[in-house]
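There are 2 protein chains.
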Amino acid sequence: MTTHWKTLRWVGGVGGSLFLIDQTLLPTEFREIECRDVETLVEAIRTLRVRGAPAIGVAAAYGVILGVQPVMKKSEAAFIERLRQTVEQLAASRPTAVNLFWALKRMETKAESLRGRQTEEIAAALLEEAQKIHEEDRQMCRAIGKHGAALLQDGQGVLTHCNAGGLATSDYGTALAVIYAAAESDKTLHVFADETRPLLQGARLTAWELLQRGIDCTLICDSMAAQVMREGKVQAVVTGADRIAANGDAANKIGTYGVAVLAKAHGIPFYVAAPSSTFDLSISDGSKIPIEQRRAEEITHGFGRQTAPPDVPVYNPAFDVTPAELIAAIICERGVIRPVDREMIAETLQV
Amino acid sequence: MTTHWKTLRWVGGVGGSLFLIDQTLLPTEFREIECRDVETLVEAIRTLRVRGAPAIGVAAAYGVILGVQPVMKKSEAAFIERLRQTVEQLAASRPTAVNLFWALKRMETKAESLRGRQTEEIAAALLEEAQKIHEEDRQMCRAIGKHGAALLQDGQGVLTHCNAGGLATSDYGTALAVIYAAAESDKTLHVFADETRPLLQGARLTAWELLQRGIDCTLICDSMAAQVMREGKVQAVVTGADRIAANGDAANKIGTYGVAVLAKAHGIPFYVAAPSSTFDLSISDGSKIPIEQRRAEEITHGFGRQTAPPDVPVYNPAFDVTPAELIAAIICERGVIRPVDREMIAETLQV
Numbered sequence: 298m299t300t301h302w303k304t305l306r307w308v309g310g311v312g313g314s315l316f317l318i319d320q321t322l323l324p325t326e327f328r329e330i331e332c333r334d335v336e337t338l339v340e341a342i343r344t345l346r347v348r349g350a351p352a353i354g355v356a357a358a359y360g361v362i363l364g365v366q367p368v369m370k371k372s373e374a375a376f377i378e379r380l381r382q383t384v385e386q387l388a389a390s391r392p393t394a395v396n397l398f399w400a401l402k403r404m405e406t407k408a409e410s411l412r413g414r415q416t417e418e419i420a421a422a423l424l425e426e427a428q429k430i431h432e433e434d435r436q437m438c439r440a441i442g443k444h445g446a447a448l449l450q451d452g453q454g455v456l457t458h459c460n461a462g463g464l465a466t467s468d469y470g471t472a473l474a475v476i477y478a479a480a481e482s483d484k485t486l487h488v489f490a491d492e493t494r495p496l497l498q499g500a501r502l503t504a505w506e507l508l509q510r511g512i513d514c515t516l517i518c519d520s521m522a523a524q525v526m527r528e529g530k531v532q533a534v535v536t537g538a539d540r541i542a543a544n545g546d547a548a549n550k551i552g553t554y555g556v557a558v559l560a561k562a563h564g565i566p567f568y569v570a571a572p573s574s575t576f577d578l579s580i581s582d583g584s585k586i587p588i589e590q591r592r593a594e595e596i597t598h599g600f601g602r603q604t605a606p607p608d609v610p611v612y613n614p615a616f617d618v619t620p621a622e623l624i625a626a627i628i629c630e631r632g633v634i635r636p637v638d639r640e641m642i643a644e645t646l647q648v
Numbered sequence: 298m299t300t301h302w303k304t305l306r307w308v309g310g311v312g313g314s315l316f317l318i319d320q321t322l323l324p325t326e327f328r329e330i331e332c333r334d335v336e337t338l339v340e341a342i343r344t345l346r347v348r349g350a351p352a353i354g355v356a357a358a359y360g361v362i363l364g365v366q367p368v369m370k371k372s373e374a375a376f377i378e379r380l381r382q383t384v385e386q387l388a389a390s391r392p393t394a395v396n397l398f399w400a401l402k403r404m405e406t407k408a409e410s411l412r413g414r415q416t417e418e419i420a421a422a423l424l425e426e427a428q429k430i431h432e433e434d435r436q437m438c439r440a441i442g443k444h445g446a447a448l449l450q451d452g453q454g455v456l457t458h459c460n461a462g463g464l465a466t467s468d469y470g471t472a473l474a475v476i477y478a479a480a481e482s483d484k485t486l487h488v489f490a491d492e493t494r495p496l497l498q499g500a501r502l503t504a505w506e507l508l509q510r511g512i513d514c515t516l517i518c519d520s521m522a523a524q525v526m527r528e529g530k531v532q533a534v535v536t537g538a539d540r541i542a543a544n545g546d547a548a549n550k551i552g553t554y555g556v557a558v559l560a561k562a563h564g565i566p567f568y569v570a571a572p573s574s575t576f577d578l579s580i581s582d583g584s585k586i587p588i589e590q591r592r593a594e595e596i597t598h599g600f601g602r603q604t605a606p607p608d609v610p611v612y613n614p615a616f617d618v619t620p621a622e623l624i625a626a627i628i629c630e631r632g633v634i635r636p637v638d639r640e641m642i643a644e645t646l647q648v
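Protein chains in written order, with the working numbering: chain D, 298 to 648; chain F, 298 to 648.
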């Protein structure tokens, strides 16, 4: 169940570049873009050419290298100043997913620990750190898959929202990792993929990925999730997360909260699959998670065609927050957090 | 709060034609199509150029005239045979909305009552009957508006799904009639319009209509309804219906059931506004309502662009059924049915 494509890959050593699949072109076109500078990467993150909390984290780590490359031979002061600017640029690209800030912090800490060394040496160590973050992300996906697969039974229907798959991570995914791992252990599942308006990550990315990996799936509009639940076709819901507060409230793609309410009303367990880097323990509950508001045009001109009256007021939050009490379990690389509460989260994360 | 446009209008006497706003072109283009024969009308109903249960009923009544026009000077037998064929053609155009069958039945009953008369005389009486159905529909909308407006308070946020407005009826609407009537009695409301995938009737038609009539509205994706409810922005939900069973279970545009579940979870009353012709008392509960399945392309190529992988399996039911227990009241032209149960429905409909 491997694929030939990589969501992101670094080519070359220090002085190299980051290749990303341009996810805005899928599923009709498969094309990689090459980021040789941090501006190209920031634009790619903003416009969702690369998206998914874990993938954004890995991309941002490499982005730090892209940022410092032009000043590699300059003074340490110039290098560190440029590094700080790069981190600021990347941090401003998207506000909700915490993995971005986590990866940037880790890169900064690494640089700090090397103060006094040659700038080339620091840069080489930073690239190594980014590659380590990348490799850890791969392993995280596999671990989440393994832990989560045990929650699914042979023959079940599983509903997912947005894309928390290989395309949202370095490989394999979070929510979809659970499905892939279950399939690898010979459980036959049927996946219902919400198309996920406004940007259709479910239709464009999840359906594409599932078909590529040979998983049975059915594409539905977001408004059909309640109906497939009512028809008894869904026995579990699994989604990803972009930021999880200390109490377990989880921000994820807009629409996730509604799916969680519907799952509860139909007696279906709702699972969140996310790495420990998604937790933001500095935030006590979900009400403090910043929610990105995006352009009206994503709704009114979503597919290159005007589908609403000009100047109609639009509300377009990119995320919503699912309260912990609606989440049956959070599947992270360290294990399954259940029940989802402050104590169990602290215990699992060993803080 | 009147508009210059008419969802449908008959021009000429017997031998005339039916003009319909081509609703598939809204909101970017306003264009009427002229139906001179029943085939053109059937195509218009199938492709949703005209849609909305009450509007389909009125259109079908006129469609009977279109069907018999070519045989007006033939024998009574030929006339009646052609009338039967026309009714069959129209009945096969869409399966869920019962107003279609109700209007056809009424036209057939009228024709039966005139057996033995000159065919021209029968045709003239049929046109009169269609115009009566049309006028009754206009009055029904106003009565629904009046009854329903009392349920809404000044300053409330009201969410609606799909389009149950002037465009779904001869004029004024059902769910939107309630909002228009409340606004006319000086209540300031803010409407949240679900865009209503796959065919975006909310974005294309409801938002267009609301702006035309000067009602404050915000367009959201279907997946955002839960979030605006959670933020306390919605105090009531009003939708239309395509068929209501004897126990109050109501079929309406796909996504309505999910909205009803979400409304209940947030303690928000969910109202259905529909004329008495929407009730199908021959059906004991919602499980017996036939649900139209539509083409996969509405989801995979909804905006003139491919947005899903080729050959991805798709589930595309056009309607769902909201169980009576989720409906706070049904607003019909005869009054407000509350609680929604078999007895109260029978009493209101006087059967």
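These aren't lab readings, by the way, just hints derived from the structure by calculation.
Treat the hints with caution; some may be incorrect.
To be verified - Here are the simulated SDA-like pairs of lysine to any residue, each with C-alpha atoms no more than 25 Å apart in a straight line:
1. D:Lys-402 / D:Glu-340
2. F:Lys-530 / D:Glu-622
3. F:Lys-303 / D:Gln-603
As the list claims (entries may be wrong) - With beta-carbon atoms standing in for the labels, derived distance ranges:
4. D:Arg-412 / F:Glu-528: 55 to 61 Å
5. D:Arg-412 / F:Phe-600: 49 to 55 Å
6. D:Glu-594 / F:Arg-435: 36 to 42 Å
7. F:Gly-564 / D:Glu-425: 50 to 56 Å
8. D:Glu-589 / F:Glu-622: 51 to 57 Å
For every residue, glycine included, the Cβ atom is placed at its ideal position computed from N, Cα and C.
Taking the hints in turn, this is what the structure says about them:
no. : hint                              : in the structure
1   : D:Lys-402 / D:Glu-340             : 21 Å, holds
2   : F:Lys-530 / D:Glu-622             : 22 Å, holds
3   : F:Lys-303 / D:Gln-603             : 23 Å, holds
4   : D:Arg-412 / F:Glu-528: 55 to 61 Å : 46 Å, violated
5   : D:Arg-412 / F:Phe-600: 49 to 55 Å : 53 Å, holds
6   : D:Glu-594 / F:Arg-435: 36 to 42 Å : 37 Å, holds
7   : F:Gly-564 / D:Glu-425: 50 to 56 Å : 54 Å, holds
8   : D:Glu-589 / F:Glu-622: 51 to 57 Å : 37 Å, violated
Hints 4, 8 from the list above are not met by this structure, while the remaining hints are.
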